[in-house]
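Enquirer: These are the residues of each chain, in order.
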Amino acid sequence: MTASPITTTDADALAADPPQGRIWMVRDSWTEATRHLKALPRNPELLVFAALQPIMFVVLFVYVFGGSINVPGYASYKQYVVPGIFAQTVLFGSIYTGLGIAEDLSKGFVDRLRSLPMVSSAVLVGRTMSDVVRNALSFTVMMIVAFVVGFRFEGSLLGAAEATLLLFLFAYAFSWVQAYTGLVAGSAEAVNSIAFLWMFVATFISSAFVAPENMPSWLQPIAEHNPVTIVTNASRALYNGRDPGSDPFVALAWAAGITIVFATLSVRRYRTTTGK
Amino acid sequence: MTSANGRRNESRPAVEAHGLVKRFGTTQALRGVDLTVDRATVLGVLGPNGAGKTTAVRILTTLLKPDGGTAFIDGVDVVKDPRRARARIGLTGQYAAVDERLTGYENLVHVGRLFHMSTKEARARGTELLERFDLTTAASRVASTYSGGMRRRLDIAMSLIGRPSVLFLDEPTTGLDPRSRNAMWDLIDELVQGGMTTLLTTQYLEEADRLAHTIAVIDHGVVIERGTPEELKRRVGGERIDVLVANVDDLPKVHDALVGFACGEPHYERAGRRVVIPVEDVRGVVPQVVRRLDEAGIEVEDVGVRQSTLDDVFFALTGHAAEGEDGVTRADERKTA
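Line by line, the protein sequences give chains A and B.
With my numbering, letter number 40 in the first sequence gets 40, and the count goes up by one each step, no holes.
With my numbering, letter number 128 in the second sequence gets 1128, and the count goes up by one each step, no holes.
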């Protein structure tokens, strides 16, 4: 400790009013996003795991199950299942948003942030935006692996770009679901158990890996209206150069709806949440 | 009210809270708490676990909304105008709230940015605080590698980066080893000498005595006593003489023999065959006590002198021992700690 007293006296207290306006929403969100982006390369285990999981799924479904699964309308199961694995991976990747928020909450960091004169929703916006970057990294690895095992874009590059964008909007929407889960659950363990439960149901009762036509008749309507099915069908058609019909628009509507509902719920919840 | 440019209003205390009420379900956490902190002073809020200390701090720092009552920081209403109140406070909670993935320096600059400083200003202020809090050599290490004491120091530095007019310290030494606790006391002393207005909560009388100008004793959601440490000790007795007798039937005799030395009501612990006598100043008293007990023909096993503890304060003020939420007294907890 230095000998002189620490001068944080009233005399130089800032005590100015916090600035108002939309621009601070953007700046505070960016400041919070950089907090997570700086930390990203410091946890290589997490990145390796994020990359490893989709690789395992590609290998499992293409080589292990692929020979035994026939889907109507696709000669190559590879071309059918890879977009499904994409959808599953971005959905599962959204859990990091919930885990991160739960950790900030349980360690008292949310209390600190809530006592600052920042725009409060920026904490959640910054977190979900930085998770888009994480998702993009994991998506890139997955795309490379898919090409290595022989997956190809059979339509236009524009169609493939549209499919990819759709998957990202979908991932962003589910990031908000996880954000809300994180705020309500309050611990990483609780987020894990809650999220894995519904994520498994949502991805396996969908068209991600198999055709819903082959499911029992009572399960079919659930699988067909599952948003995971809709986004998978839309991006699958676009990657394969087929007519996706109205699926891209329905998928967009789902993404927008989920984002609006869960962002509203999350921001409201955040404003009254305290740690332990 | 504050002037138009939002600077502090010098004519009002830095913190004013009146009649704060807060319920959690059926639990009444606060039942009408009044607290005032004058500028450049330290208020120590003293009480056992579950007394409502943290709830009061959370209301004053805008984290919780009260069910009743009002609270102002620099004349700014914390309920109606939370963002303006937040610009005036620094909060260090019970758990060092640092981002473990970032370095000490990055943590400071981050919070500075969220106080809407320019990057340049936040960096300069961060560097300055690292130096003053003796963290310069650890500045570029991630906070997960810091010791408990270093985390607390970084935590307090983060609370000061926005140059708050009031610093809230919620149990700043809970969970620290004695050496880190002493270092933390020195650090808080230094802040206070620099003129920092501070509200600190604690379970330790010794801590409140050492750091606070004024103490508010809180129990079951109400302030049961307030005053300077000296006033409080005068009421409660600064020190304690413990007399351990061989025969439990002698306890009333000990009481009668020694009541003249007491500055408060002595009390017995029958099971412990012990009489506790509060005295203001223990100097020169022990030989007289021993002589008096001898004259009265009481067989004594031990006579000891000790500092007043939180239990003594509570006994003197309420007639019962300080109990936590679980009904465990502080003394029990210290024994097992």
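Think of the hints as simulated: they come from the structure by calculation, not from any bench.
Treat the numbers as computed from the prediction; the structure is a model and nothing was measured.
A portion of the hints provided could be inaccurate.
What follows is a set of in silico ranges between Cβ atoms, one per label pair, in the way DEER data are often shown [stated by the list, open to error]:
# : chain 1 : residue 1 : chain 2 : residue 2 : range
1 : A       : VAL149    : B       : ASP1081   : 54 to 64 Å
2 : A       : LEU60     : B       : GLY1025   : 25 to 35 Å
3 : B       : GLU1131   : A       : PRO19     : 25 to 35 Å
4 : A       : GLU45     : B       : SER1140   : 17 to 27 Å
5 : B       : SER1118   : A       : ARG268    : 28 to 38 Å
6 : A       : PHE249    : B       : THR1174   : 53 to 63 Å
7 : B       : GLU1131   : A       : LEU265    : 42 to 52 Å
8 : B       : THR1137   : A       : TRP30     : 29 to 39 Å
Example chain A residues on the side facing chain B (calculated, C-beta under 7 Å, incomplete) [claimed, not checked]:
#  : residue
9  : ASP17
10 : PRO18
11 : PRO19
12 : ALA39
13 : ARG42
14 : GLU45
15 : LEU46
16 : LEU47
17 : GLY108
18 : PHE109
19 : ARG112
20 : ARG114
21 : SER115
22 : PRO117
23 : SER121
24 : THR274
Idealized CB from N, CA, C, for every residue including glycine.
Enquirer: Now tell me, hint by hint, if it's right for this structure.
Expert: Here's how the hints hold up against the structure:
For the pair VAL149(A) and ASP1081(B), the supplied restraint of 54 to 64 Å holds, since their beta-carbon distance comes to about 59 Å. The hint said 25 to 35 Å for the Cβ distance between LEU60(A) and GLY1025(B), and at roughly 48 Å that hint is violated. Remark: the range hint 25 to 35 Å for GLU1131(B) to PRO19(A) is upheld by a beta-carbon distance near 29 Å. Range check, GLU45(A) to SER1140(B): about 22 Å between beta-carbon atoms, so the 17 to 27 Å window is met.
Distance hint check: the CB atoms of SER1118(B) and ARG268(A) are about 32 Å apart, consistent with the given range 28 to 38 Å. Under the hint 53 to 63 Å, the C-beta atoms of PHE249(A) and THR1174(B), about 56 Å apart, fit the expected range. The supplied range of 42 to 52 Å is met by GLU1131(B) and LEU265(A), whose beta-carbon atoms lie about 44 Å from each other. At roughly 30 Å, the beta carbons of THR1137(B) and TRP30(A) sit within the given window of 29 to 39 Å.
Satisfaction of the interface hint for ASP17(A) is found here, the shortest Cβ-Cβ separation to chain B being roughly 4 Å, below the 7 Å cut-off. The interface hint given for PRO18(A) holds, since its Cβ lies 5 Å from the closest Cβ of chain B, which is under the 7 Å cut-off. Interface restraint check: PRO19(A) against chain B, minimum CB-CB distance 6 Å, threshold 7 Å, status holds. Given hint, ALA39(A) at the interface with chain B, holds; its Cβ is 4 Å from that chain's nearest Cβ, closer than 7 Å.
Taken as an interface hint, ARG42(A) checks out: its beta carbon lies about 6 Å from the nearest beta carbon of chain B, inside 7 Å. Annotation: interface hint on GLU45(A) violated; nearest CB of chain B at approximately 13 Å, more than 7 Å. Below 7 Å, beta-carbon pairs count as interface contacts, and LEU46(A) has none with chain B, the closest being about 11 Å; its hint is therefore violated. A cut of 7 Å between beta carbons decides the hint on LEU47(A): the least distance to chain B is about 13 Å, and the hint is violated.
Hint status for GLY108(A): holds, given a least beta-carbon distance of 4 Å to chain B, under 7 Å. Given the 7 Å rule on beta carbons, the hint for PHE109(A) holds: about 5 Å separates it from the nearest Cβ of chain B. About 4 Å separates the beta-carbon of ARG112(A) from the nearest beta-carbon of chain B, less than 7 Å, and the hint is met. Hint status for ARG114(A) relative to chain B: holds, with the closest Cβ pair at about 6 Å, below 7 Å.
Interface restraint check for SER115(A): the shortest CB-CB distance to chain B comes to about 4 Å, inside 7 Å, so the restraint holds. For the restraint placing PRO117(A) at the interface with chain B, the shortest Cβ-Cβ distance is roughly 4 Å, inside the 7 Å limit, so the hint holds. Checking SER121(A) against chain B: minimum C-beta separation of about 12 Å lies over 7 Å; hint violated. Given hint, THR274(A) at the interface with chain B, holds; its Cβ is 5 Å from that chain's nearest Cβ, closer than 7 Å.
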